[in-house]
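Visitor: Protein chains in written order, with the numbering used here: chain Z, 1 to 114; chain P, 1 to 114.
Just so you know, the hints here were simulated from the structure itself, not pulled from any lab data.
Just so you know, even glycine gets a beta-carbon here, dropped at the ideal spot from N, CA and C.
The reader is advised that the hints may include incorrect statements.
[What the hints assert, rightly or not] Some chain P residues near chain Z, calculated using beta-carbon distances under 10 Å:
# : residue
1 : Lys49
2 : Ser58
3 : Phe62
4 : Ser83
5 : Val87
6 : Gln106
7 : Val112
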Amino acid sequence: DTEVTQTPKHLVMGMTNKKSLKCEQHMGHRAMYWYKQKAKKPPELMFVYSYEKLSINESVPSRFSPECPNSSLLNLHLHALQPEDSALYLCASSSTTTGFSPLHFGNGTRLTVT
Amino acid sequence: GDSVTQMEGPVTLSEEAFLTINCTYTATGYPSLFWYVQYPGEGLQLLLKATKADDKGSNKGFEATYRKETTSFHLEKGSVQVSDSAVYFCALTLDSGNTGKLIFGQGTTLQVKP
Numbered sequence: 001d002t003e004v005t006q007t008p009k010h011l012v013m014g015m016t017n018k019k020s021l022k023c024e025q026h027m028g029h030r031a032m033y034w035y036k037q038k039a040k041k042p043p044e045l046m047f048v049y050s051y052e053k054l055s056i057n058e059s060v061p062s063r064f065s066p067e068c069p070n071s072s073l074l075n076l077h078l079h080a081l082q083p084e085d086s087a088l089y090l091c092a093s094s095s096t097t098t099g100f101s102p103l104h105f106g107n108g109t110r111l112t113v114t
Numbered sequence: 001g002d003s004v005t006q007m008e009g010p011v012t013l014s015e016e017a018f019l020t021i022n023c024t025y026t027a028t029g030y031p032s033l034f035w036y037v038q039y040p041g042e043g044l045q046l047l048l049k050a051t052k053a054d055d056k057g058s059n060k061g062f063e064a065t066y067r068k069e070t071t072s073f074h075l076e077k078g079s080v081q082v083s084d085s086a087v088y089f090c091a092l093t094l095d096s097g098n099t100g101k102l103i104f105g106q107g108t109t110l111q112v113k114p
């Protein structure tokens, strides 16, 4: 069982919709991440939160808006997406952002934009 | 820049065969090295890690040794099972960067046949 829980598991949305992806962890980790994974490719980093503050934004388009309401929760708000944004969105957490701390991934939300 | 190179797949083996998946890296600092596994329809799971030269990570019969002299972290298993069929990602993170950013290889698909 994964210790990082993501909801929903699947999401289909139109290009004019607004939706949110949610992620929760109860391991006491202070760093949380959003990754995007296209088929047969490695995950690509989108955002990093460290101690509930956004520390890295990998030049992600503004139609993706992250939010970290508290140390256990991470949201990704979606608005006006494009079909090419269809992918598996993975949340991850780690105890800190130091190199010794492995990431723990959720099972992802498979997003389809129509 | 920092990067990870994995052998291209897919790798197809018969059950009980010996597995090697090659991974080499380029890094300016002192990386921590990881192997992650992704089963179909799931997120990534940490398989093993090594944080300094000559460390050996091991888990579930898989092993990898951090070789600084050859900048390698090859994954091995003595006897694979059908249940090992998955995509395997080699990755590094730099402690000096303190960003938590994982740099992934392209992934190697392993298919084990009965």
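Visitor: All the hints need checking, so say for each whether the structure fits it.
Guide: Status of the hints after comparison with the structure:
1. At its closest, the beta carbon of Lys49 (chain P) sits 5 Å from a beta carbon of chain Z; the interface hint therefore holds under the 10 Å criterion.
2. With its C-beta approaching chain Z no nearer than about 14 Å, Ser58 (chain P) sits outside the 10 Å limit, and its interface hint is violated.
3. The restraint placing Phe62 (chain P) at the interface with chain Z is violated, with a minimum CB-CB distance near 15 Å, outside the 10 Å limit.
4. Interface hint at Ser83 (chain P): violated, since its Cβ lies 17 Å from the closest Cβ of chain Z, which is beyond the 10 Å cut-off.
5. The beta carbon of Val87 (chain P) comes within 8 Å of a beta carbon in chain Z, closer than 10 Å, and the hint placing it at the interface holds.
6. Checking Gln106 (chain P) against chain Z by beta carbon gives a least distance of about 6 Å; that is within 10 Å, so the hint holds.
7. Violation of the interface hint for Val112 (chain P) is found here, the shortest Cβ-Cβ separation to chain Z being roughly 19 Å, above the 10 Å cut-off.
Violated hints, listed in ascending order, are 2, 3, 4 and 7; each of the other numbered hints is respected by the structure.
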